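So the protein sequences, as listed, match chains F and W.
Numbering of the first sequence is given in our numbering, commencing with residue 1 and proceeding in unit increments.
Numbering of the second sequence is given in our numbering, commencing with residue 1 and proceeding in unit increments.
Just so you know, these hints were derived from the structure itself, not from any lab.
Keep in mind that this is a model prediction, so the values were computed, not measured.
Some hints could be false.
[To be verified] In silico DMTMM-like links for lysine to aspartate or glutamate, alpha-carbon gap of 20 Å or less:
| # | chain 1 | residue 1 | chain 2 | residue 2 |
| --- | --- | --- | --- | --- |
| 1 | W | Lys38 | F | Glu234 |
| 2 | W | Lys76 | F | Glu23 |
| 3 | F | Lys196 | F | Glu234 |
| 4 | W | Lys72 | F | Glu21 |
[As the list claims (entries may be wrong)] Here are some chain W residues the structure puts well away from chain F; computed CB gaps all over 12 Å:
| # | residue |
| --- | --- |
| 5 | Asn58 |
| 6 | Ala61 |
| 7 | Ile93 |
| 8 | Ser98 |
| 9 | Asn108 |
| 10 | Leu114 |
| 11 | Gln120 |
Where is the CB? At the ideal position from N, CA and C, for every residue including glycine.
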Amino acid sequence: MATQNPSKWAIKFLQWFVPKELEEAILGDLLEQYDLHAADNPKKANRIFVWNVLRFFRPGILLRNKLKINIFNKVMILNNLKISYRSLIRSRLYSIINSMGLAIAIAFSVLIYFYIQDENSFDKWHYNKDRIYRINNVSYTDRWKMYDGDKDEIRRGYLQTALGPVLKDEAPEVERFTRFNSGSESILQLDEVSIKVSLTFVDNDFFKIFDFDILSGNKNTLLSEESNVVISREIAENHFPDIDPVGKSINLNLFGEDKLFTISGIIENAPDNTSIYYRDILLSSTVRPFYKSNYENWRSLNTPLFVQLGENNTKDQLLESLKEVHKKYIEPGDLENMDEEEKKQHLADARPRYEAKQIQEIHFDEDVSWTRVSSIQYSIILTGIGLLILIIACINYVTLAISNSESKKKEVGIRKAMGGTPGAIFTRFMSESLLLSLFSAVLAFFLLIVFTPYFNEFTGKSFSVTNYIFELIAVLLSTAVIIGILAGLYPSLIISRLRTLLILKIGGSSRFSTRITTPLVVFQFVISCFLIICSAIMLSQMKFITTKDLGYNKEQVIVLPTFTGFDNEGEQLLDKFKLEARQSPGIISVAGTSTAFTQGSNVNAYEIDGEVHAAFNYRVDPNYIDVLGIELKEGRNFDEEIISDYKKTIIVNESLVEDMGWNNPLDERLRWTSDSIGWKVIGVVKDYHFLSLENKIEPMFIYLDNSMNKIHDILIKIDRNNIPNSVSQLENIWKKVSPDKPFDYTFLDEDVDRQYKSYSKWTNIMSLATGFAIFVACLGLFGLAGINALNKTKEIGIRKAMGAEVKDIILLMTKPFVIMALISFALASPASYYAMQNWLGEFEFAIGIGWEIFMAAFAGIVTLAMLTVSYHTIRTAHLNPADTLKHE
Amino acid sequence: MFYNLYTYICFTNCIEMNRAYLGEFEELVLMMVAILQKEAYGNSIVQEIDKRLDRKVNLSAVHVTLYRLEDKGYVKSEMGGASAERGGRRKRIFNITSAGLSTLRLINEKRMELYSLVPQLNFRL
Numbered sequence: 001m002a003t004q005n006p007s008k009w010a011i012k013f014l015q016w017f018v019p020k021e022l023e024e025a026i027l028g029d030l031l032e033q034y035d036l037h038a039a040d041n042p043k044k045a046n047r048i049f050v051w052n053v054l055r056f057f058r059p060g061i062l063l064r065n066k067l068k069i070n071i072f073n074k075v076m077i078l079n080n081l082k083i084s085y086r087s088l089i090r091s092r093l094y095s096i097i098n099s100m101g102l103a104i105a106i107a108f109s110v111l112i113y114f115y116i117q118d119e120n121s122f123d124k125w126h127y128n129k130d131r132i133y134r135i136n137n138v139s140y141t142d143r144w145k146m147y148d149g150d151k152d153e154i155r156r157g158y159l160q161t162a163l164g165p166v167l168k169d170e171a172p173e174v175e176r177f178t179r180f181n182s183g184s185e186s187i188l189q190l191d192e193v194s195i196k197v198s199l200t201f202v203d204n205d206f207f208k209i210f211d212f213d214i215l216s217g218n219k220n221t222l223l224s225e226e227s228n229v230v231i232s233r234e235i236a237e238n239h240f241p242d243i244d245p246v247g248k249s250i251n252l253n254l255f256g257e258d259k260l261f262t263i264s265g266i267i268e269n270a271p272d273n274t275s276i277y278y279r280d281i282l283l284s285s286t287v288r289p290f291y292k293s294n295y296e297n298w299r300s301l302n303t304p305l306f307v308q309l310g311e312n313n314t315k316d317q318l319l320e321s322l323k324e325v326h327k328k329y330i331e332p333g334d335l336e337n338m339d340e341e342e343k344k345q346h347l348a349d350a351r352p353r354y355e356a357k358q359i360q361e362i363h364f365d366e367d368v369s370w371t372r373v374s375s376i377q378y379s380i381i382l383t384g385i386g387l388l389i390l391i392i393a394c395i396n397y398v399t400l401a402i403s404n405s406e407s408k409k410k411e412v413g414i415r416k417a418m419g420g421t422p423g424a425i426f427t428r429f430m431s432e433s434l435l436l437s438l439f440s441a442v443l444a445f446f447l448l449i450v451f452t453p454y455f456n457e458f459t460g461k462s463f464s465v466t467n468y469i470f471e472l473i474a475v476l477l478s479t480a481v482i483i484g485i486l487a488g489l490y491p492s493l494i495i496s497r498l499r500t501l502l503i504l505k506i507g508g509s510s511r512f513s514t515r516i517t518t519p520l521v522v523f524q525f526v527i528s529c530f531l532i533i534c535s536a537i538m539l540s541q542m543k544f545i546t547t548k549d550l551g552y553n554k555e556q557v558i559v560l561p562t563f564t565g566f567d568n569e570g571e572q573l574l575d576k577f578k579l580e581a582r583q584s585p586g587i588i589s590v591a592g593t594s595t596a597f598t599q600g601s602n603v604n605a606y607e608i609d610g611e612v613h614a615a616f617n618y619r620v621d622p623n624y625i626d627v628l629g630i631e632l633k634e635g636r637n638f639d640e641e642i643i644s645d646y647k648k649t650i651i652v653n654e655s656l657v658e659d660m661g662w663n664n665p666l667d668e669r670l671r672w673t674s675d676s677i678g679w680k681v682i683g684v685v686k687d688y689h690f691l692s693l694e695n696k697i698e699p700m701f702i703y704l705d706n707s708m709n710k711i712h713d714i715l716i717k718i719d720r721n722n723i724p725n726s727v728s729q730l731e732n733i734w735k736k737v738s739p740d741k742p743f744d745y746t747f748l749d750e751d752v753d754r755q756y757k758s759y760s761k762w763t764n765i766m767s768l769a770t771g772f773a774i775f776v777a778c779l780g781l782f783g784l785a786g787i788n789a790l791n792k793t794k795e796i797g798i799r800k801a802m803g804a805e806v807k808d809i810i811l812l813m814t815k816p817f818v819i820m821a822l823i824s825f826a827l828a829s830p831a832s833y834y835a836m837q838n839w840l841g842e843f844e845f846a847i848g849i850g851w852e853i854f855m856a857a858f859a860g861i862v863t864l865a866m867l868t869v870s871y872h873t874i875r876t877a878h879l880n881p882a883d884t885l886k887h888e
Numbered sequence: 001m002f003y004n005l006y007t008y009i010c011f012t013n014c015i016e017m018n019r020a021y022l023g024e025f026e027e028l029v030l031m032m033v034a035i036l037q038k039e040a041y042g043n044s045i046v047q048e049i050d051k052r053l054d055r056k057v058n059l060s061a062v063h064v065t066l067y068r069l070e071d072k073g074y075v076k077s078e079m080g081g082a083s084a085e086r087g088g089r090r091k092r093i094f095n096i097t098s099a100g101l102s103t104l105r106l107i108n109e110k111r112m113e114l115y116s117l118v119p120q121l122n123f124r125l
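Just chain F, with the same shape it has in the complex (with noise of 0.2 Å):
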């Protein structure tokens, strides 16, 4: 007699597993024992009960199930595809805007994706990149004040001219070494044509450490003679179309002197992802600038090095060769000028002097300057942005398909009327989740098209839809079937489990939880007002930078490389150009400088009184400050008519004169170079931003004397009323002056831009990510303001029943979306202004946060909130209370 009863789940569990012929027997098998113990000792009974019940779940009895196939219906799936595609097209709102938000992530996540991947793969393909290594040079700050100084380690990537032959000699792991010097450029001659060229100076086994493709010539003796040269399949297509460039003579024009040069071979365009960058010609580095000196001259770092060690070699023999050749080479030439005292600490310094990298590490090695490194920050935030917008999109697909839902109700409660099983109707919601998530994918195909240029243009990328054709097709394919159920499946879930009843009765309602999409909206929100006061604040502080007094007129003025070498040839070129320059009315004035500021500067660093000061400074001529429009506050600036003046005698700025402490700094000289009498000081100019406004204005001066560097730059003053006018005078003259050098001319104020190349970069990234944010955080707000409408519509009906205009129907709904932004931007404030700071704190020059920004967020966020909400808060609000109270 069963008076108790052994535990339910355990029955149902059986009841689930147990094949339906055999249940029944087992089931009573089980009761009778548990009957049997049941009366002395219910719960040992249950126990056991429970025991066997388990020991049922055995392969014996799991397997004696018949397979329950019904994922794949073959006769209904067209069914269902059709009636999907037409309930698609029937709400096409909800379609267009869901399908919509979903591609723009997808396509947003597939080029973050790639440009990932891409980073990644920088110099990651060379065959021996495991045992190729980049010698890095380390020193501590506290001989040298440098005015990058908040570092005390400074890695640089030059090294010694003679340590790559010396390490292949002396150094039994070196097997190969090659010098890289790249970014110099020059001219080069061909027939009647002058082009400008790139160069890089490489040494013989660069073809051979580095798999970059030979297309013609020998690898093993392309750089063994000094005379020879090799190009880039761009020069040979351009210049050398229907010749074989090979064994041709070209004439180059090398820092001033004109050289002969034979072509030996032709190398593959240098690919996008690799550190090591070069362009048009390589040469040997042996025909370098100071080759000889520099080879000589263990003090002198001025050229990155890469080795490529032995198989069985390790990274340890290295830097143990290192320190060998440092102690071998450089350390007598340090010890010579020390006292014992001196001597003692620096043998005592154990600290590394040099480093290897290996080459797939360079890329992300921000410290050590080189041309192509990039910082691993973009791509963590890049992929946090991906992951984020996506998983948003996700969720907003959930929340707007259950706002959808409502119209589905009737069509489920009448299937299921009919018969039709949950599965059945969980299947045809499915469907639809994955037809429309099917054409979101193929929506975010053409997106990617269309985006494209753009993104390649931001990152400098080169990413094209058609290299990478399959994959897109297989990952865009896959993201959607993903997408397509796993969003799918909470609405259909809820959709197909409706009761039937409760359906059918016109007027009957089932609230959808607005638990999980709240906060959700709250937080695509918060996003969404970070991203919007980031973006203002950024915006404002780029139109800062661009029009804010840099002390100097940076309009209207021309930057004119001479292409000339350290010699004498830059000045004889001005003198012929400002002789000719008088003639033409478009050029007011015409100076010259050793760099122009915006390209390049020099630094020199100098003990005056036991301490040390560094200042930049330049070669300049008399015009200088009147071409660049630089205010005199103390002094004279250079006169022509005075000889002294051409002779160690400089101009300072204020921040110098405030750096050395001067009080009458017209009295002063400058010991900067080894010469104890120092440089005359004749005039102070008013401090002018020459470096970007990162940098505070650092001590400079400026000079004639020609002993210390020489003129490459022109400056050109023209009149800003004919801009193409002038340029062109310029042409003339200057191919009067100097036929056999390419005009290639830009716009100071163009160069000032580029200096913030970068933080544009992101303040674009940032407010198309805006953008976006924005779009999907409404998105997701339409969605919920469905869902509310939805689960207010008989709230709605009695109100205006009771007499309610629709105007308080309104208010009534929006107030509830106001108090979210509201929040949402209390939130973000903090955070945003938290991340600004950090962010300007990077400027030198900065404009501060004023509460005028948060203010204008605030307001347009309120406004964006109500927009949204008020497409079904009107409608709602207008309803006919007698179609929503029917049958109440």
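Starting from the structure of chain F, add chain W where the hints point.
Showing chain W alone in chain F's frame:
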């Protein structure tokens, strides 16, 4: 009653089906069915084994073995008496078939043969 799928899966899971001999437990259960005549079902077999051999076996093992024996054709089952203790559920009563009987006979013969070959086990007169 039992479907090909099971057979296939058993095969691929290396559970041998339709081999010519019985396992120890299968033989035991088959004997019990033969002994208990019309009363052979899950619980009774468990109790009988406990009574005669003082051996505690689990109900699930017995059930599974019974089904296997039925697959092999050595037993036949039909639904029989319900009772209140079983919550109104009927029992599945198993009967041995002639094939089962002949298998038992064969096994016994072979065993006797082997026994006679063991000197220590032989009846020493």
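Verification of the supplied hints:
| no. | hint | verdict |
| --- | --- | --- |
| 1 | W:Lys38 with F:Glu234 | violated (96 Å) |
| 2 | W:Lys76 with F:Glu23 | holds (17 Å) |
| 3 | F:Lys196 with F:Glu234 | holds (13 Å) |
| 4 | W:Lys72 with F:Glu21 | holds (18 Å) |
| 5 | Asn58 | violated (5 Å) |
| 6 | Ala61 | violated (8 Å) |
| 7 | Ile93 | violated (9 Å) |
| 8 | Ser98 | holds (24 Å) |
| 9 | Asn108 | holds (27 Å) |
| 10 | Leu114 | holds (30 Å) |
| 11 | Gln120 | holds (38 Å) |
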